[in-house]
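S.K.: Here is how the chains run, residue by residue.
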Amino acid sequence: MTFVDWLQDYTLQNVVAGAALLGLISGVLGSFAVLRKQSLLGDTLSHAALPGICLGFIISGGRHFGSLLAGALVSGALAALTMLLLTRNSRLKTDAALGITLSTFFALGVVLLTYIQGTGNAAQGGLDSFLFGQAAATLRSDLWVMAGITAVALALVGALWKEFKLIAFDPGYAASLGLPVAWLEALLTVMIALAVVVGLQMVGVVLMAAMVIAPAVAARQWCNRLETMVALAAAIGIGGGIGGALLSALARGLATGPLIILSVSVVVLVSLLFAPGRGFVWELIRLWRGRRRLRYQQVLTTLYRLAVHHEDPAYRSEQGMVDSYHGVGSRKALHLLERRGMVERHAARDGEPSAAAQWVLTRAGIAEAERILSALGEDGENGDAERAAG
Amino acid sequence: MLNALLDNVPLMIMLVGMLVGIASTLVGTFLVLRGSSMLSDAIGHSIVFGIVIVWLLTHQQSGPLQIIGAALTGILTVFLTELLVNTQRVKKDAAIGLVFPVLFSIGVLLLNLYASDVHIDTHTVLLGEIGFVWLDTVDVGGYRVPQSLLSVGAMTLVNAAFVLLFYKELKLATFDAALAKALGFAPGILFYALLLLTSGTAVAAFDAVGAVLFVAFVIVPPAAAYLLTDRLWLMFVYGMAISVLSSVSGYYLAIAWNVSIGGMMAVMTGVFLFVAFLAGPHYGLIAQRMRRLGQRRFNESRTLAVHLYNHEGSPEQATENVVRALQEHLLWDAAKAHRVTRRSCAQGHIVQDGERLHLTSLGRALAQEILEPGSRGARH
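Those protein sequences? They're chains A and B, same order as listed. Taking the numbering used here, the leading residue of the first sequence gets 1, the next gets one more, and so forth. Taking the numbering used here, the leading residue of the second sequence gets 391, the next gets one more, and so forth.
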């Protein structure tokens, strides 16, 4: 099969298109979920979709994509309502409410799933595929449904952009402006359920959690504006989706869902490590540089103070003395100082008890030490040094 | 005798369910109280990775070494999550949701790759097969004991020993981590030990209930117990009782409807939680509503008493202390005015004399309690 044939493969086209749609919708909606600290909502809503899928199957009597999705949406909404009921009207915290809803709804889904299998319906094949997703089974007609859902969700986000932005960052202010915060939050939750519905076919209920969170977290590292973040999250979602889909096509036999999740997660890892400004690697480098500078300044000012104390600008500080102030680690700092022309190294004179190296400040070194000390507000010693130097 | 019990399939299935519930409740109680419930979800999913790795390395699915090995992945999840949180780039919930799907994905891909080698398929990963626990038995002193029963039983004992040994340390670390730290109890290490046991329990329970249903056994019974009581030891008792009841009722319902036994047991824990949520003695929805209703009725009686007391003995008493006046002055509609009057009469706060309402000494005391606190009965 040539590369062109490969690209024209009907199944592959469907899978890639589906994965791209999933990346788009979950990137956009996930941004709001992550910013509102509701990252695990996607996890709960996707597990909670299972009983809805089964009910959709039972009611419609077959594997009709539309009715399964409608069922998933309804049970997602019910799950969100259950969570709200538990957190508002009992002493249970959000995490417990999330876990309870997730596990009991999923258990109900498992019960319904086995019920359907027990009835021996011939069309039940492929129903468990919603657990892990079965991207290869995506049909063109499924794609249209997914595209329709994505379009609706994006249109809603576009229309209510200002409001969503406000409740993502300052729900209290939004409420004081008279915005229907509870309704807007409910709408965002339902839209996450929509994203879950799109993802069911592609990655399955279990891995949807990462699809909602990962693109948004990755995008967050690169920018500080919501507009950019949402656009970037959508791009990362689409990229990860397509990447995973292509990978699974290359390595036949590997499930698409996990590969999509892993490719998006790689983007997250790279972003966390290397994004400019927020990247963790840059921070480590900054930290290391700061430590080195501090060490260098400590050693330099110590030499300077020794010189002041002995009233001799050419005072020879022995290596051992510097070590006793700052530990053996001071050697690195001394070599750095020497390279920068702040100190000179002298061999020990004949007849001295220690043969260790001795360090003398240069003029540049004295000036630098005074600059450091005056920056710290210790001007009092400047005069002494001048006198010593003279 | 013992063999007869061990060959009793329904009993074995229910027993495994109960033990999974009890072992999970022992650790889950602390997770729920600490607000870390979702860690059980993360652990449940990511041990799939550990189980597959351990299987590929040792080709044995159970045994202490296997349980510990796979349980380490659970700890790895928590460690990676905290590492992410500590970089301050990611919030805790997002970090949980980032880490476990990665480990779970790798686990599933390994299952794909080595499908012919591995004893589990992706379906069992999620659901478990509690109905078949009696198929896989080992020989212990001449008795054929189901493998799951043995490993879940062992985890139950380990968890119980841990909770009993460190009861006061765990209690302190859960309710006041700062004080525990100040007293030198290392709450961090204690918490990691708890999570290691949670992972171990997840691994032991894996064949029976799978990754997701395990979450129900860990969180739901303790959460239900939390709605029933304020005492920690009672939470354990209630949580275990709910686990046992869920296993038994779940089993019979599942047999009756011919559905997944593990799933039905987990659904039953949810049903018990819902009952506790509605009918709990103090925190239940009904109790809350009743309390609010009682408070409102009491306030109405007091309002009436104060109104009558204010006009008692004054010239306008004849026009004010009648039911009709309540509608104007207290803005009560006619039905409410009559309802409150009747209730106050029944409680002995007032007596009705034709149109006129008179306070009894009981009603007068009620009004004075509000109007002249500290000088009860001063006007007599």
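Treat the hints with care, since some could be wrong.
[Said to hold, decoys possible] PhoX-like mimics (lysine-lysine), calculated; alpha carbons at most 25 Å apart, straight line:
#1 Lys571/B with Lys93/A
#2 Lys93/A with Lys561/B
#3 Lys481/B with Lys558/B
What the hints contain is simulated information worked out from the structure, not anything from laboratory work. Computed from a predicted model, the values in this text were never measured in an experiment.
S.K.: Against each hint, give a clear statement of whether it holds in the structure.
M.R.: Structure-based check of all given hints:
1. The hinted pair formed by Lys571/B and Lys93/A meets the criterion: a straight-line CA distance of about 24 Å does not exceed 25 Å.
2. Distance hint between Lys93/A and Lys561/B is fulfilled; the C-alpha atoms sit about 18 Å from each other, no more than 25 Å.
3. With a CA separation close to 31 Å, the supplied pair Lys481/B and Lys558/B exceeds the 25 Å bound.
The structure does not agree with numbered hint 3 stated previously, though it agrees with all others.
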